[in-house]
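Build out the structure end to end from the sequences listed, making use of the hints.
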Amino acid sequence: MSRIILNLLIIKLLLIFSPYAFSQGEHASQQEFSAKDMIMHHIADAYDWHFFDYHKSDSTVVHVSLPLPVILLTEGHLDIFLSSEFHHGEHQVVRGDRVYRLVDGHIQEANGKKVIDLSFTKNVTSMFIACIILVSIFLSVAKDYQQRAGQAPRGLQAFIEPIVLFIRDDVIIPNVGEKKYKIYLPYLMTLFFFIWINNLLGLIPTGANASGNIAFTFTLAAFTAIITNVSGTKDYWKHIFAMPGVPKPMLLIMIPVELIGILTKPFALMIRLFANITAGHIVILCLVSFIFIFKNVLLGLPVGLVVIAITFLELFVAALQAYIFTLLSSLFIGLAVEEHEHHAAHH
Amino acid sequence: MELVTPSVGLIFWTTLFFLIVLFLLKKYAWKVILDSVDQRNKSIEEALQAAERARQEVRQLQARSEELLQEARAEREKILREARATANRLIAEAQEKATAEAEQLIKQAQETIRNEKSAALTELKNQVATLSLELTEKILRHQLSNRQAHEELIKQYMNDLKVN
Chain A
1 MSRIILNLLI IKLLLIFSPY AFSQGEHASQ QEFSAKDMIM HHIADAYDWH FFDYHKSDST
61 VVHVSLPLPV ILLTEGHLDI FLSSEFHHGE HQVVRGDRVY RLVDGHIQEA NGKKVIDLSF
121 TKNVTSMFIA CIILVSIFLS VAKDYQQRAG QAPRGLQAFI EPIVLFIRDD VIIPNVGEKK
181 YKIYLPYLMT LFFFIWINNL LGLIPTGANA SGNIAFTFTL AAFTAIITNV SGTKDYWKHI
241 FAMPGVPKPM LLIMIPVELI GILTKPFALM IRLFANITAG HIVILCLVSF IFIFKNVLLG
301 LPVGLVVIAI TFLELFVAAL QAYIFTLLSS LFIGLAVEEH EHHAAHH
Chain B
1 MELVTPSVGL IFWTTLFFLI VLFLLKKYAW KVILDSVDQR NKSIEEALQA AERARQEVRQ
61 LQARSEELLQ EARAEREKIL REARATANRL IAEAQEKATA EAEQLIKQAQ ETIRNEKSAA
121 LTELKNQVAT LSLELTEKIL RHQLSNRQAH EELIKQYMND LKVN
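From first to last, the protein sequence lines stand for chains A and B. Per the working numbering, the very first residue in the first sequence carries number 1; after that it's consecutive. Per the working numbering, the very first residue in the second sequence carries number 1; after that it's consecutive.
Please note that a few of the clues may not be correct.
Here are some of the chain A residues that sit facing chain B, going by a computed Cβ distance under 8 Å [said to hold, decoys possible]:
1) Q146
2) P186
3) E338
Derived pair list, reagent style SDA-like, types lysine to any residue, alpha-carbon separation capped at 25 Å [claimed, not checked]:
4) B:K27 / A:D169
5) A:K36 / B:T5
6) B:K26 / A:L335
7) B:K42 / A:P153
8) B:K26 / A:M243
Bear in mind the hints are in silico, worked out from the structure with no lab data behind them. Glycine included, C-beta positions come from ideal geometry on N, C-alpha and C.
So this is what it looks like as structure tokens:
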């Protein structure tokens, strides 16, 4: 664990101290502190990775942030430029006949053209780092297994092995079933670690909120929904369209209910992960906001202690939510692939 | 509302990243890791079973050797007992035989002694008789000449007799 965090810190330090990383804008600071704006700013996605602001002696504010690539698809034209070209919304970016403006953290086209925004945002960057960490951890662990075949696990291998075995033996196999679990194991195993590592990266101060973003959870929930319905057996569909043991007229009610159920399952997955992770961020940010609302440095001590406690809780929640997402995905897939031999016993 | 509206860009990148990670881990990690773990578990189980079998074999061997030892001990006892019996028997027989032979020798010796004795006695009797006869003859002859000479002669013969 400490190695992961260390790696991450090194990556961040590299980013912070690289001379190209700075995009400095100067603003007059006449705004009052607003906890809501600050929190919303922190949990929302952004086109640059904002680290901190500082006030210069002439009371202008300097934003220190890492500009990220903006990728826009406008009527067949692909426009790619760094977010620093916006100068924090003060400038507009012109590419051919397309004029882009940054309004309230969103990119708009001045002439009302339809823009598909595929920018490499802060959340995407965080996810990218998470993927690199994830892949490097598991490739190195896999290499350890090949090099030290038959020997006791050691180092990172010894940390990863019980988790992998727990997910396989206590989450995937009991829910998906011994017969078919091998097909779904790579997906579910990747899902768990992908969510977990993204949750953890989100906990690092100044970090992004990738796994607390609805688009992230939507995508993963959609994966589970697609896999569940694609691998649904005859019995699964029979349960939806002709629930056994239910009188025919009742099916008029049951079929819509079951069809809605197909959607509510992934919807619950999406909302649960989004709400838990975002809520955790909001709680921590709220607590920190107290210091600025009351303008009292002494408040830093109790708030700091509580924030530390909540952060530990969030560390637990990070693993827990990854576990729950994987568990429920396994359960849904398991229900879809199950071969019902005893209908009576099942209900 | 913005918070709960998924953005197309992030969906795109999440899908892309997730699929890449899924592909890489599926190809290079999960199979290797889980196969190795299963294989290791299997080999550990087999090793434990082999150890258990070996332990049982050792136990059987020990039991067998114990049995053999017991048998050998019994055999030794038996052999010793038999040897002792044989020795005793031989000694007894030898003693018996010796005793019998000694008795027989003694008996023969006694017999011989008795025979010699009777033979000696017979001869003695015969000689005494002969001597007596000769004496008588001589006495009778001398009696006729003189008395003195007669006595002398008797004395002389008597002396002769004594010498004998």
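Task: Structure-inconsistent hints, enumerated in ascending order - done: 3, 8
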